[in-house]
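Colleague: In case you want the letters, here they are:
Number of protein chains: 2
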Amino acid sequence: MTTDHFQFKLLATDGKARRGEITMPRGAIRTPAFMPVGTGGTVKAMYMDQVSDLGADIILGNTYHLMLRPGAERVAKLGGLHEFARWPKPILTDSGGFQVMSLSALRKINEQGVTFQSHIDGSRHEMSPERSIEIQSLLDSDIQMQLDECVRLPASETDIERAMEMSLRWAERCKVAFGDQPGKAMFGIVQGGDIPKLRERSAKGLSGLDLKGYAVGGLAVGEPQEVMLDMLDVTCPLLPAEKPRYLMGVGTPDDMLKSVGRGIDMFDCVMPTRAGRHGLAFSRHGKINIKNARHAEDHRPLDEESSCPAARDYSRAYLHHLVRSNEILGMMLITWNNLSYYQDLMAGIRASIEAQRFEAFSTETQEAWARGDIPPLG
Amino acid sequence: MTTDHFQFKLLATDGKARRGEITMPRGAIRTPAFMPVGTGGTVKAMYMDQVSDLGADIILGNTYHLMLRPGAERVAKLGGLHEFARWPKPILTDSGGFQVMSLSALRKINEQGVTFQSHIDGSRHEMSPERSIEIQSLLDSDIQMQLDECVRLPASETDIERAMEMSLRWAERCKVAFGDQPGKAMFGIVQGGDIPKLRERSAKGLSGLDLKGYAVGGLAVGEPQEVMLDMLDVTCPLLPAEKPRYLMGVGTPDDMLKSVGRGIDMFDCVMPTRAGRHGLAFSRHGKINIKNARHAEDHRPLDEESSCPAARDYSRAYLHHLVRSNEILGMMLITWNNLSYYQDLMAGIRASIEAQRFEAFSTETQEAWARGDIPPLG
Numbered sequence: 001m002t003t004d005h006f007q008f009k010l011l012a013t014d015g016k017a018r019r020g021e022i023t024m025p026r027g028a029i030r031t032p033a034f035m036p037v038g039t040g041g042t043v044k045a046m047y048m049d050q051v052s053d054l055g056a057d058i059i060l061g062n063t064y065h066l067m068l069r070p071g072a073e074r075v076a077k078l079g080g081l082h083e084f085a086r087w088p089k090p091i092l093t094d095s096g097g098f099q100v101m102s103l104s105a106l107r108k109i110n111e112q113g114v115t116f117q118s119h120i121d122g123s124r125h126e127m128s129p130e131r132s133i134e135i136q137s138l139l140d141s142d143i144q145m146q147l148d149e150c151v152r153l154p155a156s157e158t159d160i161e162r163a164m165e166m167s168l169r170w171a172e173r174c175k176v177a178f179g180d181q182p183g184k185a186m187f188g189i190v191q192g193g194d195i196p197k198l199r200e201r202s203a204k205g206l207s208g209l210d211l212k213g214y215a216v217g218g219l220a221v222g223e224p225q226e227v228m229l230d231m232l233d234v235t236c237p238l239l240p241a242e243k244p245r246y247l248m249g250v251g252t253p254d255d256m257l258k259s260v261g262r263g264i265d266m267f268d269c270v271m272p273t274r275a276g277r278h279g280l281a282f283s284r285h286g287k288i289n290i291k292n293a294r295h296a297e298d299h300r301p302l303d304e305e306s307s308c309p310a311a312r313d314y315s316r317a318y319l320h321h322l323v324r325s326n327e328i329l330g331m332m333l334i335t336w337n338n339l340s341y342y343q344d345l346m347a348g349i350r351a352s353i354e355a356q357r358f359e360a361f362s363t364e365t366q367e368a369w370a371r372g373d374i375p376p377l378g
Numbered sequence: 379m380t381t382d383h384f385q386f387k388l389l390a391t392d393g394k395a396r397r398g399e400i401t402m403p404r405g406a407i408r409t410p411a412f413m414p415v416g417t418g419g420t421v422k423a424m425y426m427d428q429v430s431d432l433g434a435d436i437i438l439g440n441t442y443h444l445m446l447r448p449g450a451e452r453v454a455k456l457g458g459l460h461e462f463a464r465w466p467k468p469i470l471t472d473s474g475g476f477q478v479m480s481l482s483a484l485r486k487i488n489e490q491g492v493t494f495q496s497h498i499d500g501s502r503h504e505m506s507p508e509r510s511i512e513i514q515s516l517l518d519s520d521i522q523m524q525l526d527e528c529v530r531l532p533a534s535e536t537d538i539e540r541a542m543e544m545s546l547r548w549a550e551r552c553k554v555a556f557g558d559q560p561g562k563a564m565f566g567i568v569q570g571g572d573i574p575k576l577r578e579r580s581a582k583g584l585s586g587l588d589l590k591g592y593a594v595g596g597l598a599v600g601e602p603q604e605v606m607l608d609m610l611d612v613t614c615p616l617l618p619a620e621k622p623r624y625l626m627g628v629g630t631p632d633d634m635l636k637s638v639g640r641g642i643d644m645f646d647c648v649m650p651t652r653a654g655r656h657g658l659a660f661s662r663h664g665k666i667n668i669k670n671a672r673h674a675e676d677h678r679p680l681d682e683e684s685s686c687p688a689a690r691d692y693s694r695a696y697l698h699h700l701v702r703s704n705e706i707l708g709m710m711l712i713t714w715n716n717l718s719y720y721q722d723l724m725a726g727i728r729a730s731i732e733a734q735r736f737e738a739f740s741t742e743t744q745e746a747w748a749r750g751d752i753p754p755l756g
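As given, the protein sequences belong to chains A and B, one line each in that order.
So for the first sequence, the working numbering puts the first residue at 1; every next one is plus one.
So for the second sequence, the working numbering puts the first residue at 379; every next one is plus one.
Honestly, I wouldn't trust all of these hints.
Stated by the list, open to error - Below, simulated DSS-like cross-link-like pairs (lysine-lysine); rule was C-alpha separation at most 30 Å, straight line:
1. Lys175(A) with Lys197(A)
2. Lys77(A) with Lys387(B)
3. Lys467(B) with Lys291(A)
4. Lys387(B) with Lys291(A)
5. Lys44(A) with Lys665(B)
6. Lys582(B) with Lys387(B)
7. Lys553(B) with Lys455(B)
8. Lys44(A) with Lys291(A)
9. Lys44(A) with Lys422(B)
10. Lys77(A) with Lys665(B)
11. Lys582(B) with Lys89(A)
12. Lys287(A) with Lys553(B)
13. Lys467(B) with Lys287(A)
14. Lys582(B) with Lys291(A)
15. Lys553(B) with Lys44(A)
To be verified - Every beta carbon over 10 Å from chain B, so not counted as near; a handful from chain A, in silico:
16. Gly15
17. Glu157
18. Glu223
19. Glu304
20. Ser306
21. Ala317
22. Leu322
23. Ile328
24. Arg357
Calculated from the structure, these hints are not laboratory results.
Note that the Cβ used here is the ideal one computed from N, Cα and C, for glycine as well.
Here chain A stands alone, though its shape is the one from the complex:
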């Protein structure tokens, strides 16, 4: 279902877990949702048709990568990111801020914005809250993120507070820059590091801006999972219940399960695709390192019950061989398997919330992971 404007509906709740649906002109997003990461206009090693067929309702594009190559103006000239990358469904873009901090050189940040050098060719670029939104609009992004400053943890309270307060001010500037774009949305980002009172202040400040959705940023940046979950416990109750909540850059299947249980609706992470390129498979049985010698002569598939051909139709021995030989097909297949598992997990989560058995589903899922992989062949 599509609507001519951005809309979020809560369909069911189970404890703090929420089952919802975002509708917008390019399609509906069933939440909780996992968004595969399409950094530079491609979900690495996948055809877009495959990504869609797995059940992904939305993908993420990286503003930093796309502004540098091929360039936002060029993408606009070519009809926008959907047409360029052949993905007709919704796209969420990050603001570029996170990658400026983690990838670029010689970055300088002040109230006005960030200046930095491209990690590709050293060229100089400026990014202000306004320019970030302009780039995301040029990409024709459906859900755009405010520019924020994400402080890597551990950091001093002073640094975290300063960055959080500036991010709040940037949220206002982004809201103005975004203006009124029917059918699209701009989300704010809660910052505040690992300090509850700063998270609270950020969440309240952003809520006052009446944005269309709220992200929790600055987590999954090296802190223990417990800290991340504590911050969600502090933050989620302060965010408006009728707006979607997006936990940025998270995470492992376990992270997602626990975060849904704290009220998160959307996720993105490079983990399934990046791990897929290195032979690490996610499955109902937990993580499987297909490079391990135990798989070398194992004719069984990764998961015979999966609906994904990569998981169901190829022997572990073949996958093992491909990955050991650095064959591109190995990356294609394990990535496919991983994205399939991530989407299946989200579908299972959604169904369990509808059935008011999210807690039981969580427990069963975690127990299956803990039991581990099927026994090696005798």
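Start from chain A and add chain B according to the hints.
Modeller: Showing chain B alone in chain A's frame:
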């Protein structure tokens, strides 16, 4: 159509060009045929379903690579190469000799065979004519090649003659080792470098062995195209007309067109797959270097008339971006396009022979290549 034994039928000829069909238990091979190269049990960056859908009736596997990794005995244990790699149609394997010469270290060759060190881990291996056939049988290869010694040109007549004579003796040993395998075939390989009288002696000697097919080897190893074609002019008339003829490791679309015109039925080459991983696209309009700046903002596909999604549905600008960014999808798409073009070219060749207009088809095809790519966007 399949048959319970290996069979070759000439369906039509046009000048020296031949339209034929090999039938065997795993399927029919329409000739002239191009065999995509599946070096290590994968046609790089492709799903096997795609390779099949493009019209490939047979693929090639490399004995050298597969014997080293994952190992012939292991492949046999896993049900053979077809089951391992999920390719149910016929497979031709080379003997391993060519790659031993080009890839391995510390190789020593004598009448008995070759000893060499793996280029992967330095392990020592022996390869005799008998062991080569044994390995190919363990792989369950449908068309097996004799072990030969391929001399890199330029070389002295003495060296070429010695290698050719030994290859002839090895052909006999391979024939004995192959024995009677119903539904399968062992091909001999004509050697003799660039020396017509040696090519003649080799072709006649092999013909006397009454093998099921004949390859022309030791060409496309650095000599000018003219020399290769001259050797075909000498060799083909001496090979039995009722047996298939396979030109090993060839080649460019132009090489194939000219070789079909001299009586060749089968080809294999890494060119479409290797070039595809480096952004070089083959097309009706000749070669297209998608990295070229002229494509950066070109919304048009590589070839709107192609039936291959990679050629028809993706903009040149997107392909350009993917290849410039070293994205795996760029390799996947250009490889797909290239194999599609190679198969389309063979289909066109086959239809033209049936219609008794191969010469006209050749001229039209070469003229289209010569006209080059569509003009850049104004």
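Colleague: Mind checking the alpha carbons of Lys44(A) and Lys665(B) for me, to see if they're no more than 30 Å apart?
Modeller: holds (26 Å)
Colleague: Regarding the pair Lys387(B) and Lys291(A), is the alpha-carbon distance no greater than 30 Å?
Modeller: violated (45 Å)
Colleague: For a C-alpha distance cap of 30 Å, please report whether Lys77(A) and Lys665(B) respect it.
Modeller: At roughly 26 Å apart (the allowed maximum being 30 Å), Lys665(B) and Lys77(A) satisfy the hint.
Colleague: Just to be careful, I want the Cα atoms of Lys287(A) and Lys553(B) compared with a cutoff of 30 Å; is the pair within it?
Modeller: violated (49 Å)
Colleague: Given the hinted pair Lys467(B) and Lys291(A), is their alpha-carbon gap at most 30 Å?
Modeller: Distance ~28 Å between Lys467(B) and Lys291(A) Cα, so the pair holds.
Colleague: Do the alpha carbons of Lys582(B) and Lys387(B) lie within 30 Å of each other, as the hint requires?
Modeller: holds (22 Å)
Colleague: Does the claim that Arg357(A) lies outside the interface with chain B hold up, using a Cβ gap greater than 10 Å?
Modeller: Label holds. Min Cβ-Cβ 37 Å, cutoff 10 Å.
Colleague: Does Gly15(A) really sit off the interface, with its C-beta more than 10 Å from all C-beta atoms of chain B?
Modeller: holds (40 Å)
Colleague: For a C-alpha distance cap of 30 Å, please report whether Lys553(B) and Lys44(A) respect it.
Modeller: Violated, because 47 Å separates the two Cα atoms, which is more than 30 Å.
Colleague: Just to be careful, I want the Cα atoms of Lys175(A) and Lys197(A) compared with a cutoff of 30 Å; is the pair within it?
Modeller: Cα-Cα ~24 Å, so holds.
Colleague: Given the hinted pair Lys582(B) and Lys291(A), is their Cα-Cα distance within 30 Å?
Modeller: violated (49 Å)
Colleague: Could you let me know if the closest chain B CB is still more than 10 Å away from the CB of Glu223(A)?
Modeller: Correct as stated: the minimum Cβ-Cβ distance to chain B is 31 Å, above 10 Å.
Checked against the numbered hints given earlier, this structure breaks hints 2, 4, 11, 12, 13, 14, 15, 21, 22, 23; the rest are met.
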